[in-house]
Structures are given as C-alpha cells and as structure tokens.
Amino acid sequence: PGGTERKDGKVPIQKLNIEELLRSVPPGGHYTDPDFTPGKALAKKGTHKWQRLPDFLSKPQLIEKGILPDDIGQGELGDCWFLSAMACCAAMPKLLDGVFVHADEGKGLYVVRLYKNGVFRDVAVDDLLPTKYGGPSFARSRTCKNEVWVSILEKAYAKVHGSYDAIEGGHVSDGLCDLTGGIGEAMRLEAAASKQAINDGSLWAKMKQLMEDGHMLGSGSHAGSDTDISTNGIVQGHAYSILRAEEVDGNRLLQLRNPWGDTEWKGRWSDKDTKSWTQRMQAKLEYKDANDGTFWMAFEDFVNHYSTLYICRVLGDSWQRCSVAGSWRGKTAGGCPNFPTFSKNPVFRLDMKKRIRLLLVLEQRDMRGTDSELFCVAVAIYRERGGGRQVNHFASSGRYVNRRSVCIEAEVEPGSEGPHHVIATTFDAGEENDFTLVAYWRGDPGDVAVYPEGSA
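Just so we're aligned: the sequence shown equals residues 1 to 456 in UniProt numbering.
By construction, these hints were calculated from the structure, which means they are not laboratory data. Note that CB positions come from ideal geometry on N, CA and C, so glycine has one too. Some clues are possibly wrong.
What the hints assert, rightly or not - Distance ranges between label pairs, derived from CB positions:
no.: 1; residue 1: G46; residue 2: L22; range: 30 to 36 Å
no.: 2; residue 1: D351; residue 2: Q61; range: 47 to 53 Å
no.: 3; residue 1: K145; residue 2: A191; range: 42 to 48 Å
no.: 4; residue 1: Q209; residue 2: N304; range: 21 to 27 Å
no.: 5; residue 1: N199; residue 2: E76; range: 37 to 43 Å
no.: 6; residue 1: D289; residue 2: A193; range: 34 to 40 Å
no.: 7; residue 1: G29; residue 2: N232; range: 49 to 55 Å
no.: 8; residue 1: E300; residue 2: R280; range: 16 to 22 Å
no.: 9; residue 1: Q61; residue 2: D35; range: 22 to 28 Å
no.: 10; residue 1: D317; residue 2: K284; range: 28 to 34 Å
no.: 11; residue 1: R442; residue 2: K284; range: 32 to 38 Å
All chains should be modelled from the sequences, with the hints used to inform the complete structure.
Right, here's the structure in full:
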C-alpha cells in the first residue's frame with residue numbers, strides 16, 4: 001500500500017503505490033494482477049475465453065467520448081443493480097471523477113477507487129476480461145466499441161468482493177454508496193408510511209428535491225425473475241436508474257433507464273405514447289424516441305410498477321463528518337430491546353456544541369463475497385434525564401431492516417437534562433459483526449463528537 005490519506009479531510013483513502021505496480025510490468029509487456037486471476041474471478045464454469053483488451057479491440061480507451069448513462073450495457077452477469085448505480089453516476093459524471101485514479105492502456109493497468117466499510121480503497125486490475133463472440137461476456141460500452149470504463153469498473157468491483165459471481169444480486173443504493181461514499185437508504189413503496197407520502201405528495205416533493213440537490217435515486221421492480229417482463233414492459237425483479245424528476249404542465253414525470261439498454265415501459269409517456277408527447281412536451285423535456293432502455297413514465301405509474309425506491313445522498317464539502325468503529329462480539333452482541341441483554345450492546349456518547357441538524361449512519365461491515373449474510377440492524381439515540389441513562393428514547397432509524405446501513409435524521413441540541421447516547425444493535429442477540437457509526441452535519445468540525453461511552 002502507498003499509505004492512508006484523507007479525502008477532503010474526511011474519509012480515509014487506502015492508496016496504492018502505482019509506480020511500484022508499473023515497475024512490475026516487464027518491458028513491452030502487460031500488467032498481470034496476481035490477486036485476481038481468472039480462476040478466482042469466475043468460479044462458475046462457462047464458455048468464456050479470457051482475453052486482454054487489445055486482443056479484441058483495435059484501440060482500447062478508458063473513456064472515449066465522455067461518460068454517459070447510455071454507455072452502459074449489461075452482459076450475462078446478474079448485476080443490474082450495480083450497473084444502474086453506475087448509470088445514475090454517469091448522469092452526473094463529476095461523481096465519477098475520483099473513481100478512475102489511473103489508466104495505462106498500453107500496459108493494461110487500471111486503478112479504481114471504491115468506498116467499502118468506511119474507507120475509500122484503491123483497487124488495481126489488469127485488462128484481462130472474460131469474452132464471448134468477440135466481446136466482453138459481462139458489462140461493456142454500448143456506444144463506443146473501444147471504450148472500456150464500464151468493463152473495468154465492473155471488474156474492479158468484482159475484485160473487491162472476491163469474484164464476479166459475488167456481485168450478482170443487490171441493492172442500487174449499495175452500489176451508489178460504493179461509488180460515491182454517500183449515504184444509502186431504501187424505501188419500500190408498499191409500506192404504510194410510503195403510501196401516505198405518495199398520497200399527500202411529500203414523496204414526489206422529496207424525490208424532486210433530492211435530485212435537484214445532486215443526490216441520486218434508483219428503483220427496484222416487483223419480485224420475480226428478470227426473464228419475466230410485464231405486459232407494460234417492466235422487467236420483474238430488476239433494478240433501474242432514475243435519471244430525472246420533472247414537473248411540467250401539471251405532469252409529474254420520471255425518466256428511468258434499464259441497464260440492459262433496451263426493453264422499455266410501454267404505458268403512458270412511453271415512446272409508444274404519441275398522444276402525450278406533444279411538440280411542447282418534447283421540447284420541454286428534450287425527448288427522443290430511441291430503443292436505448294431510457295424512458296419516461298408518470299409518477300403515479302411508477303409507484304404502482306416499482307416496489308422499492310433507492311436513495312443515495314452525496315454530501316458535499318459543506319458537510320462535516322466524524323466516525324467511530326465498533327463491533328458486536330460476545331456479550332456486546334446484545335440484540336434488540338426484546339432481549340434482556342439489550343443493555344450490553346455498544347453504547348456511544350453523542351455530544352454537540354449547539355442545536356444542529358444531524359445525519360447519523362450505522363454501517364455494518366459488508367458480508368458480500370463471504371459465507372455470512374447481513375443482519376437486521378437499527379440505531380437509536382437516547383437522552384439521559386434525571387441522572388438515569390436511556391430513559392428517554394429520542395430518535396431511531398425505525399424498524400430493524402436487513403440493510404448494509406441505516407440512518408437517523410434529527411435535530412439535536414445540548415441541554416441541562418443530560419447527554420445523548422447512541423445504541424447500535426442487531427435484531428437477534430448473539431449476531432456478531434463489525435460496524436461504523438458516522439455523523440454528518442453542516443457547521444464547524446468540532447460541533448459534533450461521537451465516541452465510545454467512558455472513553456472521553
């Protein structure tokens with residue numbers, strides 16, 4: 001490793017020594033990754049032929065004509081969730097500026113920066129890809145034959161998790177977080193609170209505001225095999241990017257993208273709906289009729305045809321950040337309040353100098369690529385009162401959910417009643433894993449502190 005640095009003074013970066021990697025390349029040769037060989041990268045047997053990029057491309061280039069959502073084409077791998085996250089970022093290419101750290105097409109060395117378990121990690125990959133029929137078996141560029149950023153990013157993500165097989169199936173919000181270091185959230189659109197927000201208009205307002213603020217959205221269709229396609233063109237059990245949210249002439253419209261690059265919505269506001277697409281609406285939304293997997297649909301249809309809304313908040317330099325690591329081990333794996341061991345869970349002190357809007361995120365260590373699975377987790381803030389701890393429940397992330405991260409958004413302020421405490425728990429007692437608590441706020445760096453109880 002080349003050492004650990006800070007990104008914008010906030011998130012640690014585990015850097016690689018690129019010069020050392022380049023020195024390992026023989027004269028006139030190509031870089032070969034000793035840690036991610038074809039045998040490790042692809043455990044499933046198949047008819048793939050491993051080839052270097054120059055073996056099937058005339059002039060490989062990382063990026064040829066800029067980064068665009070339409071570049072992304074899904075291959076045989078079931079990682080539509082990650083490709084949808086890539087497409088969301090590609091719609092705001094600045095978000096990917098820091099992802100591609102180094103590219104040497106001549107030597108076949110690429111370095112990609114990804115966020116995992118509280119840090120940004122530099123990941124080196126070579127240009128050896130599984131191929132079929134003269135092209136990549138998995139993700140590839142649809143628009144420029146010699147452009148390779150899609151395939152390289154997918155390979156780096158597979159390496160982080162141990163294999164290509166390990167990245168089949170997932171949540172768009174997790175992919176977005178790993179690409180940006182943002183805060184992930186998943187909303188079940190069929191939940192009672194979501195239905196209320198749909199009916200009163202607050203969900204639409206939230207989605208529109210999130211996108212205007214530079215955050216990212218994705219969606220998941222109702223459960224099913226991705227070989228199942230509804231009569232309206234929605235692929236079941238599939239992940240989609242949400243590229244735009246616009247309200248024009250009273251119409252609440254979303255632009256979505258299928259990472260396949262085809263198979264589109266056929267209902268209202270689809271390419272087939274010539275009645276709705278007046279010349280005025282076409283001009284307002286820069287509409288084009290193309291079989292490219294990108295389509296428009298009404299918000300009212302969206303909430304009926306999709307089951308999950310994925311959110312990733314990308315916080316800029318105006319936000320401060322502090323974090324603390326913890327773990328559930330042995331006695332400290334106390335479980336939820338249903339268990340008598342609940343009080344044994346790790347407890348953290350939360351201090352603030354003034355009234356402040358706080359985002360508090362619990363990130364459990366990602367188990368993708370291992371034999372273990374994520375636990376159902378939650379995090380809560382308690383307010384000490386009258387000299388007794390945890391007698392006043394202040395705020396929580398809500399019900400326990402099987403997600404990599406959960407979040408509390410709350411107004412907190414110091415007061416005479418006593419300090420705030422944070423408890424992070426799994427649902428069942430005895431579930432062991434590592435985690436990170438991360439606090440975000442706008443203000444001065446010293447306005448908020450989170451630390452283990454008794455360590456101050």
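Right, here's what the structure says about each hint:
1. Against the hinted window of 30 to 36 Å, the Cβ-Cβ separation of G46 and L22 comes to about 32 Å, which satisfies the hint.
2. Against the hinted window of 47 to 53 Å, the Cβ-Cβ separation of D351 and Q61 comes to about 51 Å, which satisfies the hint.
3. Between K145 and A191, the C-beta spacing of about 44 Å keeps the proposed range 42 to 48 Å intact.
4. Between Q209 and N304 the Cβ separation comes to about 22 Å, which falls inside the hinted range of 21 to 27 Å.
5. Separation of N199 from E76 is about 41 Å and conforms to the stated range, judged on CB atoms against 37 to 43 Å.
6. In this structure the supplied range 34 to 40 Å holds for D289 paired with A193, their Cβ-Cβ distance being about 37 Å.
7. Checked against the hint of 49 to 55 Å, the pair G29 and N232 passes, with Cβ atoms roughly 52 Å apart.
8. E300 and R280 have their C-beta atoms about 21 Å apart, which keeps the hinted 16 to 22 Å range intact.
9. A beta carbon spacing of about 25 Å between Q61 and D35 agrees with the range 22 to 28 Å that was offered as a hint.
10. Distance hint check for D317 and K284: the Cβ-Cβ separation is about 33 Å, which falls inside the suggested range of 28 to 34 Å.
11. Range check, R442 to K284: Cβ separation about 34 Å, and the 32 to 38 Å hint holds.
The structure meets every hint from the earlier list without exception.
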